[in-house]
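Student: The chain contents come next:
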Amino acid sequence: MEAHHLLREKRTSEIEAILAKYPPERKRSAIMPLLYLAQEEYGYCSPEAMREVAEILDLDPTEVKSIVGFYTMFFEHPVGKYVIDVCDDLPCALRGADQFVSHCERKLGIRAGQTTPDGKFTLRTVMCIAACDRAPVIQVNRVYHYDMTEEAFDRLVDALANENGTGEAPNEQKQGLDVL
Amino acid sequence: MQNFWEYLTKIPVGLATVFKTLFEKPVTIQYPEEKKPMSPRFRGRHQLKRYEDGLERCIGCALCAAACPADAIYVEAAENTNEERYSPGERYAKVYEINMLRCIFCGYCEDACPTNAIVLEPIEFPTGYTRESLIYTKSMLLEPPPPGVPGTPQQTPPGKYDRAILPFPPIDESV
Amino acid sequence: MAELVNLTIDGISVRVPKGTLVVDAAKSVGIDIPVFCYHPKLKPVGMCRMCLVDIGTPKIDPATRQVVRDEKGQPVIVFGPKLTTACTTPVSEGMVVRTATEQVRAAREDVLEFLLASHPLDCPICDKGGECPLQNLTMAHGPTVSRFDYDLKFHNDKHVPLGDLIFLDRERCIQCGRCVRFQSEIADDPVLQFHDRGRGMEIVTFSDPPFDSYFGGNTTDICPVGALTTADFRFKARPWELKTTPSLCTHCAVGCNLALNTRLETKTGGYEIKRVMPRQNEQVNEIWICDKGRYVHHFTRAEDRLHYPLIRQDGKLVETTWEQALRIAADRLERPSAILVGDRIANEDAFLIAQFAKAIGAALEQRPALPAHYADVARAVGIGSDADFKQLGAGDVILVVNGDVEEEAPVWFLRLRQAVVDRGAKLIVAHHRSTKMHRYAAAIHRYEVGQAAKWAASQRADWLQGARNVLIVFGDEHLDGSSARALAQTLANWLILGGFAGKPNSGLLPLYPHANTQGVFDMLEHATRPANETTDTLWLVGVGADEPAPRANFIIVQDILLTERAKRADLVLPALSFAEREGTFTSGDRRVQRFYRALPPLGEAKPDWWIVQEIARRFELPWRYEAPAQIFAAIAQQVPRYAELSYERISRVEPQWPPMGREDLYYGGTVYDNTGGLGARYAADAERSALSPYDVHVPEPTLAGLERTPRLLYRDGELIRRSAVLRAHIVAEPLTA
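Protein chains in written order, with this note's numbering: chain A, 1 to 180; chain B, 1 to 175; chain C, 1 to 737.
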């Protein structure tokens, strides 16, 4: 089997910083931060990315794949530059999430779960993301956007479509969440 | 002495019946050369049925063999592929034999069959001069494919025949 | 003795060790609590919810910390508001468990209804149908009808190869995780995991190669549904058609207890082995066997099995009669002869051959020849006759020297690994390369290839002092006879000088090549005489094709297959395989066990002891044995170490804990319970009398030794070549250092 080195070549210091947080005999605990790193570098949790993480942590690749499969924020397939997660769980649905999802689909010209042909947007419906008080709520690349309306969504998408490539969504209501 | 005369007079009476019957049409037939018409619901020899597309209904599950009180049925199964498909689903009967000498035509095999593959049909009872000739193999038991339809094995598209047991096996109620 | 706890289950008082789980406590008094995900050999996870029961504990007064009693003086029992999983709850003093309440009944019904919501209607074609825990428990506890719509069943892939030996049916899987946990906890090949969640959950492998574990077949035994099937048994037979015969595995020194499942077959015109299953023996293999033992059985009905004696006429082998074959063999053996004996034949065969060789003055050697150099040492300082792998744990030292336990004795690997990982024994590994055992080693010693004996001699003799028990596993990789003997003697000296020799769980455990290496050595010991140049007739009994043999004018080959060696012979005598006859093997830890006849004989092939006896009778030896049992009685009389053994003793069975392989398939899986006998170990010399240390001479490594490549599990050989399912796994090139 061919070894994979992309991560180890480009992000050496970050890998070391992550591994330093855990005792050496429990380094498998570093699997999730390393997967976020690999996802950034490889674009998604590709087979190569998962194998490289497994090599770094001396794990069986199957164990890494299991983690990737369980958590929805690890992508096993290529995604767009912006991943838009729309909550359609009960509180959001009561605030019109179903119609809102249909609008998103129309606006982007794709179905939920798909990626736009230009590779810019991926639209997904997700279970509760813990912001029911300001439903309907969406997450764009892990950044929250509250009290969504169809107009607000259109403005957001248009801005992102023309944006400068920082990956940051221009929205006064956004609130960052540092998952690492 | 009186008995003697009584016997004597009875002889022509008996012979009269003999001569009368001599000119009647016989009720027996020369089986197996000659065959009697059977009722459509008569339960004669087994037949292994096919679906309309020619695939065998039998999936080689051997439940008939398990149900058989006479231990007359022997089944060996094998795995279908899309290139060489005998029946829907993954399993088919590679070897299917019924020892007609053992069979008591009770029909338990029909009851046990999950796909209605084995049916006792109004076909004549098997006859033969050797024991070997009365062990019916799969090719002897299988009904011919419907007209214009290929037999088995067939080449089938992937995904079309994934399951062995159809949700509601169509039952032919016409007979 | 562990602390005991009293509790009541369905009105029955139970007394079990502290820490026992409720489900096991119930089992010990014959109360069945249905389970799917729980398995007594695996850690509990409580995933399937099938074992929900009503559990109450005595009410404790918070002020006094005393049990509250009612007016009759009985403790007041407080039941939980909801049901509890019996498989994750350990017993506690005064606990009351109710398994037959209406609430429990309804819970079981509901769990089954959910499990069946998307379970396919596959039972007629499912290999598990007939021995399926899900089927049985549905009959016992399930709903009569489902409220779920048939059309809403999920349709998933039904043919997912996890490797080339195991197939997954995603529809049938109920996500109990037994296979996942077996691979992680027992085999330590975590190549199976869950992926996704909710209804999308599935078993996946992402390893490279995918599911390629030496123990993978066991996952199909413990799978409570037909989700995992082996390439070997897939669609081959229905479980109720199979006849089961107790047997033994012949392929390594462990001596795993097997159950051979046989059935009529048209192609081979009679019975054939349909699958090989483990037979429970907690002293030997628990309920596990390796994949080689499971899949290599196809040689028993190989196309080139020998049916009739063959004699060379005009350069070709032609069929002949036994009468003629035996007469020719006897005539030729009157000349200076040598007999080589393979170590796969039964004790009874080897005993008669040794007696015969002594009587006619023939040379006699064991093949492979290497183990005979150290088998006497291994036997002298072997583990105690009461040794129990389960008792090895904290305080004990397990030393593995120059052996690859997973390759050479896979089930011992499982047992030793558990002693180290689960029970805290200290593992020390000494080897010239890395093995799987290195993962668990507390200390690792390395030496140059072939220098094992030198390394051992360089250690202080008292370096293992302080341990409670010392178990030393050793192999003969890259060693010649004298080096292997020097190694064994050095290891034995550590045990003798350290005071470990003769202790039950201390001793040597040799990694012999085959199932009866020790037994053949024991039988041949006093009749062995090396062959010399004057050999005219050479008689090879079950000798492997790659074993060296002296030159001879006339070669008699006695074998089960038309091997490369048999093709070159002058006379070929057809023998019966282990599956077609009875006999005994002596395992590497000196356990003498019986195997039974599972298949009818092929053609006119005969058991080895019969052939030897018939030839011996032509030398006017007065043997009239009619069954191996009679020969074994003679062994008990004439071989002192076997004096206490008899067929009666080694056929004895005792109830095994945890109880498995019975009607309640859901508890232990489809393994078989032990009806053929647990076997018995004969005593090590060190148990009888104190031993003095060996005088060791360590020779320089030789080329012959270095050429003795590791004995890999799937090494190429005449038997494994006849199993099509294993063909891709055969290692043709031996592993070099």
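Please keep in mind that the hints were generated in silico from the structure rather than gathered at the bench. For each residue, glycine too, the CB sits at the ideal point set by N, CA and C. A few of these clues could be false.
Unchecked claim - Mimicking DSS-like on lysine-lysine, the simulated pairs with C-alpha atoms at most 27 angstroms apart in a straight line are:
{"id": "1", "chain 1": "C", "residue 1": "K436", "chain 2": "A", "residue 2": "K27"}
{"id": "2", "chain 1": "C", "residue 1": "K18", "chain 2": "B", "residue 2": "K138"}
{"id": "3", "chain 1": "A", "residue 1": "K107", "chain 2": "A", "residue 2": "K120"}
{"id": "4", "chain 1": "B", "residue 1": "K94", "chain 2": "B", "residue 2": "K160"}
{"id": "5", "chain 1": "B", "residue 1": "K49", "chain 2": "C", "residue 2": "K158"}
To be verified - Covered, in the sense of this in silico footprint (three residues per stretch, anywhere, with C-beta under 8 angstroms from a C-beta of chain B), are these stretches of chain C:
{"id": "6", "region": "122–129"}
{"id": "7", "region": "225–236"}
{"id": "8", "region": "250–261"}
Student: For each hint, tell me whether it holds in the structure or not.
Tutor: Taking the hints in turn, this is what the structure says about them:
no.: 1; hint: K436(C) with K27(A); result: holds, 20 angstroms
no.: 2; hint: K18(C) with K138(B); result: violated, 60 angstroms
no.: 3; hint: K107(A) with K120(A); result: holds, 13 angstroms
no.: 4; hint: K94(B) with K160(B); result: holds, 21 angstroms
no.: 5; hint: K49(B) with K158(C); result: holds, 25 angstroms
no.: 6; hint: 122–129; result: holds (count 4)
no.: 7; hint: 225–236; result: holds (count 3)
no.: 8; hint: 250–261; result: violated (count 0)
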